[in-house]
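Read top to bottom, the protein sequences are chains A and B. Start counting the first sequence at 534; every next residue gets the next number (our numbering). Start counting the second sequence at 3; every next residue gets the next number (our numbering).
Quick caveat, the hints were computed from the structure, so don't treat them as lab data. Careful: at least some of the hints might be erroneous.
Stated by the list, open to error - Under the rule of at most 20 Å between Cα atoms (straight-line distance), these lysine-lysine pairs were calculated in the PhoX-like manner:
no.	chain 1	residue 1	chain 2	residue 2
1	B	Lys-235	B	Lys-156
2	B	Lys-235	A	Lys-687
3	B	Lys-87	A	Lys-671
4	A	Lys-687	B	Lys-92
5	B	Lys-68	B	Lys-87
6	A	Lys-687	B	Lys-150
7	B	Lys-68	A	Lys-635
8	B	Lys-91	A	Lys-671
9	A	Lys-687	B	Lys-91
10	B	Lys-87	A	Lys-687
11	A	Lys-666	A	Lys-615
12	B	Lys-29	A	Lys-730
13	B	Lys-231	B	Lys-92
14	B	Lys-92	A	Lys-666
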Amino acid sequence: MIKKIKASTSEKLIFIFILILGLFTLTSFLLLKNKCLFVKNYDPEKINFKNPANVAILNVGCGNVIIELYPDVSPNGVERFKTLIKSKAYDDVAFHRVIKDKLVQAGDLEFGKKGNIDYGKIGTGESGLGTIKSEVDKEFNYVRGSVGLARSLKYNTEDSQFFIILQDEPLYEGEYTPIGKVIYGIEVLEKIKYLDKSEYVLRPDFINSLRLFN
Amino acid sequence: MKLFKLILLCLFLFSKAHSNTIFELIKIPNLEVYNIKTENNLRYLYAKQPFTIGVNNNINCFNSTKKDLNQKYVIIEKNLNRYSKDFLKKINLRYIVLCEDLSISGIGTAGIPDNIMKTLIVDIKFNEKYFERVLHHEVFHIINDTYKELFNEKVWSSFNPVEFNYAECSTCTKKIGLDTYTKPNGFITEYSRSTASEDMAEVFSHLMYGNLPDEIDPILEQKIEFIKKSILKIDENFIL
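With the hints as constraints, model all of the structure from the sequences given.
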């Protein structure tokens, strides 16, 4: 006959402690794995925009980033951006250059498309529409959330690539063509995948879609 | 040795990728902003630590004390404020890098112009006597590099006596004196005799600094006119 042994109080306490520890570990693992958990996802339909014709919705993994475009500051840059949005060219395009807390860059339509990514050439691709002239003469404060067109070392080489800055960058004024500013959802961009040792991201995050609001 | 390599490897593995906006824009490391809110949009940067750049790392410059920087900045800004925002944009000059003991391949130099990167590196300790004039000399190199077609060296050389030949390069000669000749005889300083572009830069810098010799011979007269006309082709409002 098996004799039942009653657990002592200290044994019960150790058991409860282990149980709580296990639960805590499991919950933490599940919570930490979800990088979007505390990121607010803005619904553009619930926002009243002053100028809805110049609003673009960038949808990425953690939600929507709502961008107001400034055609008065850079008419050609905004026109190019809108043209590419209308043709859905930015869908499934990688955030190939990401610097933590500094900027995210995307828009390489040639070498940055999901399923057809070329790590050797990413960042050098073209849209096929040719380059446009830099529009850097008007005053523009490059503050957190500003959106600009990327270019090569030379002016007048803007095409389809754009960047969004995650911190103020006063030195960018007069250097890069500004096309707009994030008005809602900048925190979504802080969750875009980055690497500690390189600006260029291996297995990057992608744009789900980029659409004009109207 | 193995231990040293291991430590180096660990440092590399555990150090984060550092991205600096200034480096991103002009490809010079270890710089900080000195002043970027200027009338003509020039952005003044200074070396926080020594830096090495160029082909085979042949360009070196060192950081200065805050006191020296503050002293020289006033002089540099006063002189460079003579160039308007529009003119600077046309010639592709936007960043002024302040440092000291600037050298290329071990040879000391007053400045290094780079119109592609829109940058002029200035040695703030270079030749106290001619410091201000030399600033304009270096700006001319930016102008010249941006508008090569306006400053044709063959046309310029044709002003000189037939028997005269410039050196192959500005560092291939011992003619480096910067004293202004009282009797120029076609050349405004000894350094003018080094190369055509240095000759042009010397004429331009004397024009800007306003210390042309009292006696101007016909050759120098032609050279002055050439510089004036060419600069006005770039910006008709430029005041020489």
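Against the structure, the hints come out as follows:
no. : hint                   : verdict
1   : Lys-235/B to Lys-156/B : holds (19 Å)
2   : Lys-235/B to Lys-687/A : violated (23 Å)
3   : Lys-87/B to Lys-671/A  : holds (13 Å)
4   : Lys-687/A to Lys-92/B  : holds (14 Å)
5   : Lys-68/B to Lys-87/B   : violated (27 Å)
6   : Lys-687/A to Lys-150/B : holds (18 Å)
7   : Lys-68/B to Lys-635/A  : violated (29 Å)
8   : Lys-91/B to Lys-671/A  : holds (13 Å)
9   : Lys-687/A to Lys-91/B  : holds (13 Å)
10  : Lys-87/B to Lys-687/A  : holds (19 Å)
11  : Lys-666/A to Lys-615/A : holds (16 Å)
12  : Lys-29/B to Lys-730/A  : holds (19 Å)
13  : Lys-231/B to Lys-92/B  : holds (16 Å)
14  : Lys-92/B to Lys-666/A  : holds (15 Å)
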